[in-house]
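Visitor: In case you want the letters, here they are:
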Amino acid sequence: MTLALTLDNASVLIFALTGALAASRAQLDVVGFIFFAALTAVGGGTLRDLLLDRDPVFWIADATPLAIATGAAVLVFFTAHLVESRLKWLIWLDAAALAIAVAAGVSVARSMEVGTGVVLVMGVATGTFGGLMRDVVANEVPLVLKQGELYVTAAVAGAGAALIASLLADGTIWTTVACIATTFGLRAGSLLFGWRLPVYKPRPPRA
Amino acid sequence: MTLALTLDNASVLIFALTGALAASRAQLDVVGFIFFAALTAVGGGTLRDLLLDRDPVFWIADATPLAIATGAAVLVFFTAHLVESRLKWLIWLDAAALAIAVAAGVSVARSMEVGTGVVLVMGVATGTFGGLMRDVVANEVPLVLKQGELYVTAAVAGAGAALIASLLADGTIWTTVACIATTFGLRAGSLLFGWRLPVYKPRPPRA
Amino acid sequence: MTLALTLDNASVLIFALTGALAASRAQLDVVGFIFFAALTAVGGGTLRDLLLDRDPVFWIADATPLAIATGAAVLVFFTAHLVESRLKWLIWLDAAALAIAVAAGVSVARSMEVGTGVVLVMGVATGTFGGLMRDVVANEVPLVLKQGELYVTAAVAGAGAALIASLLADGTIWTTVACIATTFGLRAGSLLFGWRLPVYKPRPPRA
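Protein chains in written order, with the numbering used here: chain A, 1 to 207; chain B, 1 to 207; chain C, 1 to 207.
Excised from the complex, chain A in its bound form (with noise of 0.2 Å):
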């Protein structure tokens, strides 16, 4: 299994484990579990493939993940009322299906032919997506809305510190690394420590 496949497959698990939770807290049926697992899980990626016009998309040639995710989200419906939060484990879980889905879709990118800016915006359409398509559906507040905290900003400094990891240690395990260690990293110490970036605070006008 290839490196860019081992990372999609890894980030469907756990995006799929996050749309069965947003099911859940939709008190939907199995099915909508399954649902519900499967647009988070294959959403972003299956953006990625259409605009790179990569035929066929990952999870039509090959449907592995249609069956993790379905696999999740029936997990998830005997299971999910064992956890304390569901909706703190649904962040920390889309926390972490972020970083490797922003480093599956940088490296999904590099292996084609697009400029440096292309790279970086598949690395952050496949972590973003998924989880905004869930949020949308699901009528929450998406998570890249979440003022002050770091989300699409994590997914852009991860998927800039591959493509500099890869002016380094071209071809190797670190440039993955990298990209995972920085989005979780940023995502983490915004959920725990409140980092951020200044927001915008309206201000009246200068006289």
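In short, the hints are calculated from the structure, not lab data.
A few of these clues could be false.
If several chains are the same, the list does not tell them apart, and a pair holds so long as it fits within one copy or across any two.
Unchecked claim - With a straight-line cut-off of 20 Å between C-alpha atoms, the simulated SDA-like cross-links for lysine to any residue are:
| no. | residue 1 | residue 2 |
| --- | --- | --- |
| 1 | K201 | L75 |
| 2 | K146 | R25 |
| 3 | K201 | T79 |
| 4 | K201 | V30 |
| 5 | K146 | T79 |
| 6 | K201 | F78 |
Here the structure is a predicted model, which is why all the values come from computation and not from measurement.
Given the coordinates of chain A, assemble chains B and C onto it according to the supplied hints.
Guide: For chains B and C alone, coordinates are given in the frame of chain A:
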């Protein structure tokens, strides 16, 4: 006209009626009716064609669906005040369109070289995404989120029925009949008699 | 630079400003501004390119639009507090971007072998989907839903004007001028003078 095309056009017509009814609830002008009718009518099939890399997308190859959606929208604009409950019509027409669109998705996917799991997903995606886009853009709670109603579940069961029927009587109309009857039957049973699967109920963590 | 590319870049710039203004209303950080600017700026054109199977998508072929969107987002982040009503700016810039993007969509679609109805749809889709995605992700009521305002209607009329102009003066700039003037003129008239089409009003069913 092939079976897949007939199914696409039938689901386009009925989904277009639901899109126009959604526009009537938002009190838009006639062009707004056409916009929502077209979005709902071709949304699911467009996603399916993009995912399967069918080129061109069905309504670009032949603009008949756009004409059907426009006609349906104009019709609803001038007659919707005649019906007693527009929401009730919307929900029942949506059930019919869902059933036909699942069959259309399965039919197209089966004509391409993709695995069984992908056929099932294409049926469900074709069936649900038009209505999902209608509800998200119209700022209404998506029907897929309606707690305790069979919706995605009906679509999955219908696509599954088509796959089983195809083992028994491949290449015949029975595949389509099984799909439509199962999807619509389950959805109707859910609306009329409250048929449902057990839904997730958060319980306190075990001691 | 071709006409279609010039129009794409102009609409990218103005839509990016509206995306950044939406981010300012959500009080995001500068990376959030860039995210919303890019989403709004390339959303409509990306959908158009995916539907028409243009490969590669315009901002993958040449990353200039991403640079434009980033610059616009940073500019707005540091200057938005200087304007008196950010919502007013957002709405008027959106009107300008809508007009230019409809022209860009029509221009690209006319260069491909598609029917008249499809050209019209591509104009409207290119014009409206960037703003629609901005509003859906930012959790605001989509402008297409604003009751009694010409929005989709202005886009359809503009695309229609381009088609008529192309019959009279094909291959000239007048097609584009007619499209932009019609779209922006109707939208502006709607905002300033309340121009509108009759909207649907539910009436009691006839006795």
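Visitor: Any of the earlier hints contradicted here, and which numbers?
Guide: Hint check: 5 fails alone, others pass.
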